[in-house]
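Here is what each chain is made of, one letter per residue.
Protein chains: 2
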Amino acid sequence: MLPQLTDVQQAHQRIRSSIHETPVFTSATLDARTGGQVFFKCENFQKIGAFKIRGGCNTVFSLGEEEAARGVVTHSSGNHAAAVALAAKLRNIPARIVMPENSTEVKIAAVRGYGGEITFCASHPAAREETALRIVEETGAVLIPSYNDPRVICGQGTAALELMEQIGDLDIIMTPLGGGGLLSGTAIAAKGLDPGICVIGVEPEQVDDAYQSLKTGMIVTIDKPVSIAEGLLMPLREHTFPVIRKFVSEILLVSEEEIVEAMRFVYERMKMIIEPSSAVVPAAILSGKIDIKGKRVGAIISGGNVDMGVFFQWMHDKGNRIP
Amino acid sequence: MLPQLTDVQQAHQRIRSSIHETPVFTSATLDARTGGQVFFKCENFQKIGAFKIRGGCNTVFSLGEEEAARGVVTHSSGNHAAAVALAAKLRNIPARIVMPENSTEVKIAAVRGYGGEITFCASHPAAREETALRIVEETGAVLIPSYNDPRVICGQGTAALELMEQIGDLDIIMTPLGGGGLLSGTAIAAKGLDPGICVIGVEPEQVDDAYQSLKTGMIVTIDKPVSIAEGLLMPLREHTFPVIRKFVSEILLVSEEEIVEAMRFVYERMKMIIEPSSAVVPAAILSGKIDIKGKRVGAIISGGNVDMGVFFQWMHDKGNRIP
Numbered sequence: 001m002l003p004q005l006t007d008v009q010q011a012h013q014r015i016r017s018s019i020h021e022t023p024v025f026t027s028a029t030l031d032a033r034t035g036g037q038v039f040f041k042c043e044n045f046q047k048i049g050a051f052k053i054r055g056g057c058n059t060v061f062s063l064g065e066e067e068a069a070r071g072v073v074t075h076s077s078g079n080h081a082a083a084v085a086l087a088a089k090l091r092n093i094p095a096r097i098v099m100p101e102n103s104t105e106v107k108i109a110a111v112r113g114y115g116g117e118i119t120f121c122a123s124h125p126a127a128r129e130e131t132a133l134r135i136v137e138e139t140g141a142v143l144i145p146s147y148n149d150p151r152v153i154c155g156q157g158t159a160a161l162e163l164m165e166q167i168g169d170l171d172i173i174m175t176p177l178g179g180g181g182l183l184s185g186t187a188i189a190a191k192g193l194d195p196g197i198c199v200i201g202v203e204p205e206q207v208d209d210a211y212q213s214l215k216t217g218m219i220v221t222i223d224k225p226v227s228i229a230e231g232l233l234m235p236l237r238e239h240t241f242p243v244i245r246k247f248v249s250e251i252l253l254v255s256e257e258e259i260v261e262a263m264r265f266v267y268e269r270m271k272m273i274i275e276p277s278s279a280v281v282p283a284a285i286l287s288g289k290i291d292i293k294g295k296r297v298g299a300i301i302s303g304g305n306v307d308m309g310v311f312f313q314w315m316h317d318k319g320n321r322i323p
Numbered sequence: 001m002l003p004q005l006t007d008v009q010q011a012h013q014r015i016r017s018s019i020h021e022t023p024v025f026t027s028a029t030l031d032a033r034t035g036g037q038v039f040f041k042c043e044n045f046q047k048i049g050a051f052k053i054r055g056g057c058n059t060v061f062s063l064g065e066e067e068a069a070r071g072v073v074t075h076s077s078g079n080h081a082a083a084v085a086l087a088a089k090l091r092n093i094p095a096r097i098v099m100p101e102n103s104t105e106v107k108i109a110a111v112r113g114y115g116g117e118i119t120f121c122a123s124h125p126a127a128r129e130e131t132a133l134r135i136v137e138e139t140g141a142v143l144i145p146s147y148n149d150p151r152v153i154c155g156q157g158t159a160a161l162e163l164m165e166q167i168g169d170l171d172i173i174m175t176p177l178g179g180g181g182l183l184s185g186t187a188i189a190a191k192g193l194d195p196g197i198c199v200i201g202v203e204p205e206q207v208d209d210a211y212q213s214l215k216t217g218m219i220v221t222i223d224k225p226v227s228i229a230e231g232l233l234m235p236l237r238e239h240t241f242p243v244i245r246k247f248v249s250e251i252l253l254v255s256e257e258e259i260v261e262a263m264r265f266v267y268e269r270m271k272m273i274i275e276p277s278s279a280v281v282p283a284a285i286l287s288g289k290i291d292i293k294g295k296r297v298g299a300i301i302s303g304g305n306v307d308m309g310v311f312f313q314w315m316h317d318k319g320n321r322i323p
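Protein chains in written order, with the working numbering: chain A, 1 to 323; chain B, 1 to 323.
Mixed in with the good hints, there may be bad ones.
Where chains are identical, the list cannot tell them apart; a pair therefore holds if satisfied intra-copy or between any two copies.
[Claimed, not checked] Think about it this way: if two alpha-carbon atoms lie no more than 30 Å apart in a straight line, the pair counts; the simulated DSS-like pairs of lysine-lysine are:
id: 1; residue 1: 89; residue 2: 293
id: 2; residue 1: 224; residue 2: 295
id: 3; residue 1: 246; residue 2: 224
id: 4; residue 1: 191; residue 2: 89
id: 5; residue 1: 295; residue 2: 89
id: 6; residue 1: 224; residue 2: 89
These are computed hints drawn from the structure, not numbers from a lab.
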């Protein structure tokens with residue numbers, strides 16, 4: 001059985017005192033340009049700089065006392081690593097984080113800052129999983145999946161729940177789409193609250209595996225996916241695909257250029273730092289991939305963790321250095 | 001007689017439906033580092049991207065019908081130009097904006113976007129004033145000063161009023177300090193509400209005219225002032241100096257490097273775009289120019305209008321390209 005609205009509501013009760021209720025921003029310029037009203041749920045201002053803390057906290061806080069005492073482990077090079085480290089710190093249990101040896105200094109420092117104990121491994125996915133499983137065997141720690149887990153999915157869905165509490169009815173709700181954790185949770189929450197709402201995912205054209213998966217009816221994976229939106233490279237999995245198949249109306253695709261343009265718009269007009277993975281949603285709106293005239297649209301901004309040097313290069317050499 | 005708290009309160013009534021009540025942000029990292037609690041009043045998210053719309057609206061909305069019908073004029077290359085253009089648009093009267101011919105495209109586009117009619121002039125200050133005065137003579141338009149005016153000062157003070165409504169008592173309130181419009185208004189509002197509050201201005205070391213003015217007891221001006229914080233180059237004037245002299249406890253100075261470091265901190269940790277002129281306040285806190293341990297501190301973030309290309313050059317070539 002798929003998770004229900006009540007599961008997301010319980011997740012919210014479980015985590016809400018540990019996370020920020022992030023603000024909702026609007027842009028008069030964007031609304032004038034589209035004829036709609038877009039409500040940005042700003043998870044870039046969330047703890048650890050991304051929505052991932054919601055799923056991390058819900059999963060870590062859901063563990064039984066005995067399980068929890070053995071600590072948790074995960075493998076991630078990104079926001080999920082920081083999320084699990086912080087969630088474990090909040091529960092006062094150990095967190096072991098497997099990170100590829102080529103992780104950036106900023107990401108390593110973030111995990112260490114939250115008290116995570118890092119184990120480095122080779123940078124290919126198989127090495128990460130093997131290393132994490134070895135730690136599970138050696139220590140009895142509980143593996144926290146980065147998205148393919150009902151507890152994680154329900155945690156991520158709390159952002160949509162909050163947004164709809166904050167600003168009322170919506171016609172459309174949109175999220176970035178990678179492995180589908182955020183989109184699944186959002187769909188469960190939003191459709192549970194309002195069966196008439198239209199739920200939309202946005203992914204990079206270059207990594208359109210979810211689009212293809214919905215079209216073909218089975219999970220498609222892309223070999224060596226590449227995009228600026230490096231948080232959106234994972235494929236759908238067994239816990240996310242059925243939810244998305246059931247509840248999501250449409251998947252929109254945006255180009256790398258459209259992603260960079262959207263980042264620029266948000267920086268210049270809304271004065272916010274957002275990461276490329278977040279920018280796919282405003283990119284779809286700005287580039288007219290969807291007509292929102294007269295519509296109230298919720299847009300989940302997933303995070304704000306972006307290497308400033310890398311971003312500068314994109315802005316500076318626009319068009320040249322996009323992967 | 002100096003303006004009073006009631007003048008700021010009246011200004012707030014006059015403008016509040018035309019401006020945003022901007023959010024207040026905190027940083028757990030900064031609070032942990034300093035042992036204090038800093039409440040950032042985020043005027044970077046204000047209309048036109050800066051607090052200047054407050055003074056612009058208060059002044060333009062204060063004009064009598066007959067005066068207003070003749071339109072308004074100002075000279076500015078920055079946020080004040082956009083503020084007057086938008087305030088006039090909201091009152092449905094013409095705005096003529098004198099801008100130096102070397103103004104950036106972004107600034108020109110902003111003023112035009114709000115319906116301001118631009119007159120270009122040579123880039124030295126005398127040319128701007130002359131051109132503006134000529135327009136006043138020719139059209140009867142009312143000149144809106146950028147800071148040396150009680151209506152402007154009281155408008156700017158509404159940000160502090162709002163902040164104290166939003167988060168309650170403060171021990172300290174800090175603002176950037178250029179010509180002193182924001183600091184004067186803040187001081188009137190904050191001291192009016194709480195005579196025990198400590199009001200502090202921060203200016204660039206390289207443009208320490210206000211610091212020298214308070215020390216010597218008379219307005220000091222600096223010849224050819226240069227700083228990244230290009231909104232803070234103007235001297236105190238007759239309407240701001242007496243207020244600052246009466247109410248301001250201290251003026252702190254920050255280096256250009258400290259300003260850039262503070263911008264980086266705010267971008268990386270708080271996911272906000274702030275302009276260099278805003279960064280002087282977090283710069284003073286981060287660099288330990290003031291001990292805020294155990295204190296509740298209000299920090300006005302004045303604006304977020306910064307040329308991305310220029311900014312990323314600073315971040316990229318840190319130390320090299322600072323003026």
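Hints and how they fare:
no.	hint	result
1	89 / 293	between (45 Å within a copy, 25 Å between copies)
2	224 / 295	neither (37 Å within a copy, 52 Å between copies)
3	246 / 224	within (28 Å within a copy, 66 Å between copies)
4	191 / 89	neither (33 Å within a copy, 41 Å between copies)
5	295 / 89	between (41 Å within a copy, 27 Å between copies)
6	224 / 89	neither (34 Å within a copy, 52 Å between copies)
Violated hints for the displayed structure, listed by number in ascending order: 2, 4, 6.
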